[in-house]
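**Student:** Chains as they are written, first to last, in the working numbering: chain G, 1 to 298; chain U, 1 to 322.
Hint data in this document are derived by calculation from the structure and do not stem from the laboratory.
Since this is a predicted model, take the numbers as computed values, not measurements.
There may be inaccurate statements among the hints.
Stated by the list, open to error - Estimated spans, in silico, between C-beta atoms of each pair:
#	chain 1	residue 1	chain 2	residue 2	range
1	U	100	G	83	56 to 64 Å
2	U	168	G	79	15 to 23 Å
3	U	167	G	132	56 to 64 Å
Stated by the list, open to error - Which stretches of chain U does chain G cover? Using the computed rule of at least three CB atoms under 8 Å from a CB of chain G, they are:
#	stretch
4	124–133
5	184–197
6	259–270
Backbone N, C-alpha and C define an ideal beta-carbon position, used for all residues, glycine too.
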Amino acid sequence: MPGNPIQTLIGRITHQVTPAEIRAIRLSFGLGFKQGLFAQYITYITQLFHGNLGVSITLGAPVSSILRETVPWTVGLIGVSTVLSFAIGTIAGALLGWTRGSRMDSLIPTATFFQAIPYFFLGTIMLLVFGSNLHWFPVLGAYSQSVTPGLNWAFISNVIRYGELPVLSIILSSIAGWMLGMRNMMITMIGEDFVLMAVAKGLPRRRVIMHAARNAVLPSIANLSLAIGLVVSGALLVELVFNYPGVGNLLLQAVLNEDYPLIQGIFLVITLTVLAANLIADIAYLALDPRTRTEAAV
Amino acid sequence: MKALRLPRSPKVILGLIILGFFGILTVVGPWLAPYSPSATNFIPNLLPSAQHWLGTTSLGQDIFSQLLVGARATMVVAIVAGLIATCLSMTVGIAAGYLGGMSDEGLSLVSNVYLAIPGLPLLIVIDSYLPVGSRSNAFVIGLIISLTGWAWGARVLRAQTMSLRNRDFVEVARIIGERPYRIMFSEIAPNLLPVLASSLLFTILYSIGAYVTLAYIGLTSTSVWNWGTMLYWAQANNAPLSNEWYWFVPPGICIALVGTGLALVNFGIDEFINPRLRAAGLTSRQRRALGLPRRIRLGLTPVIRPPRNPRMTVSPARLVSK
């Protein structure tokens, strides 16, 4: 990587910097020690298991404590909006598949249009129209300056209020994929014999739809575990647009300031979160598809 | 063989028209631009007028010229990235699906890793490694975008290849003694053409988004005019807050239109691959013209067959009886 974070840091110091000071700065970030590449890596891994991710060069605080403050915001925002978007999209897709060919079909191109808009643009427009001009939603940040953070209702309701617009914009921009996938699977599924059988048995229509939908949703769930990486990337932009105090904003700052320990820490957390989300999606798949359970048992 | 008969649904036609329009713009856009996009010799913050169709920026640049010139840079990077990524996913996907065994395990592992890593943060970091000079190079930017965008296509192609692997024509080619790479690329690949096309469209869509986002954050060269840098400058000069809609809305609309066009054409490919979707995508008038029932609720969605086939008209009774 071009540049050197220490140089960037020293560039910000206004007075004359002596070589001794530079050495002291390097040492305080654990950089002055002479070690081979492999030995450095071993040190890094060992420290990692002790919960030590190093010290952020620009913020001067331990990376782990910075992440502890920012990660919950991102996980909360992205988690809620992904679950909502998946749920609404899938239900809408199932109904669209059932009533295929009706006037409701025009929902699909509309939703696709919203998905085709670059996220940051959609977010900015929504912020402008509903936040700044119509004042329907509060803008910028995760909570108002007037409440003190803590586990009380005033704070939580404030966070929810501030989260509405970002969540809404993520749903709007990501719903089309779920909707389309579910609709197409539903159309294929309705042709299957078991659906015809369910109708022939005289089951109420709601039961039949549920019956088909439960089978049609499987590919969507399988996709969910893979799409989470994509969702996370898209949602990182939310934080830039809405000035949300999460990992996305932090990462951009870290990249611009060449703050390697922070970049490393953020990547570790993002990857672990994506893997955890994958695990949850896999468990959901297991719960919905009895066949995978039997295979695992045998 | 009338293989590539795209369904004449209004969605697909609309998509093709949009893509055609922007395709032409990519070629002729920079020649049509009335002024230089970087020239700052106009009165700043002009509203749209006959001289400046979309007004001017706060630096006194002509926005309409920026939009026209920017079309080429945006589309070229997206197409380069789309092509590279599709070649990558074709090679990896078909090889994994056809060869099976350890090669499959290895290749699938790699593509799953790429799928699990969130693309955008990775892209931001890779991009910051680039020397400043190559941040304006369409090929380099396209290459790094394609690195984060190929895995999805590889997965889809692998699944499709596995369903073709044991078909008779592949079997025959193997018995004749064709080499594996020949079987993969001249026997299997042509049969995956619709899937490849759909994967290409999606990767181009992804690449436009990724490129524009990088430019918007300010991580590509801000001196190359594309729709993302226009948004970057608009944001940097507070255009959204000062209600200069003519500055930041047009590039966003253009990006959204190209994306919608790609997605609409992709609907057509979906309907081509899965004939049931084709019947479901028709309007009620078209359905009546084909003699299909107006509302299909139960049983098979009818499969539309090519014209002059006597069984083209499917009676409702046939639908239920199957």
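**Student:** Look at the Cβ atoms of residue 100 of chain U and residue 83 of chain G and judge whether their distance stays inside 56 to 64 Å.
**Tutor:** violated (36 Å)
**Student:** Between the stretch 124–133 of chain U and chain G, see if three or more residues pass the 8 Å beta-carbon test, and mark the coverage as holds or violated.
**Tutor:** holds (count 5)
**Student:** Taking 8 Å as the C-beta cutoff, is the stated coverage of the stretch 184–197 of chain U by chain G satisfied by three or more residues?
**Tutor:** It is violated: at least three residues are needed, and the stretch 184–197 of chain U offers just 0 whose Cβ sits closer than 8 Å to chain G.
**Student:** At the C-beta level, are residue 168 of chain U and residue 79 of chain G separated by a distance inside 15 to 23 Å?
**Tutor:** violated (48 Å)
**Student:** Mind taking a look at whether chain G covers the stretch 259–270 of chain U? Criterion is 3 or more residues with CB to CB distance under 8 Å.
**Tutor:** holds (count 7)
**Student:** Are residue 167 of chain U and residue 132 of chain G spaced within 56 to 64 Å by their CB atoms?
**Tutor:** holds (59 Å)
Hint violations for this structure: numbers 1, 2, 5, all remaining hints satisfied.
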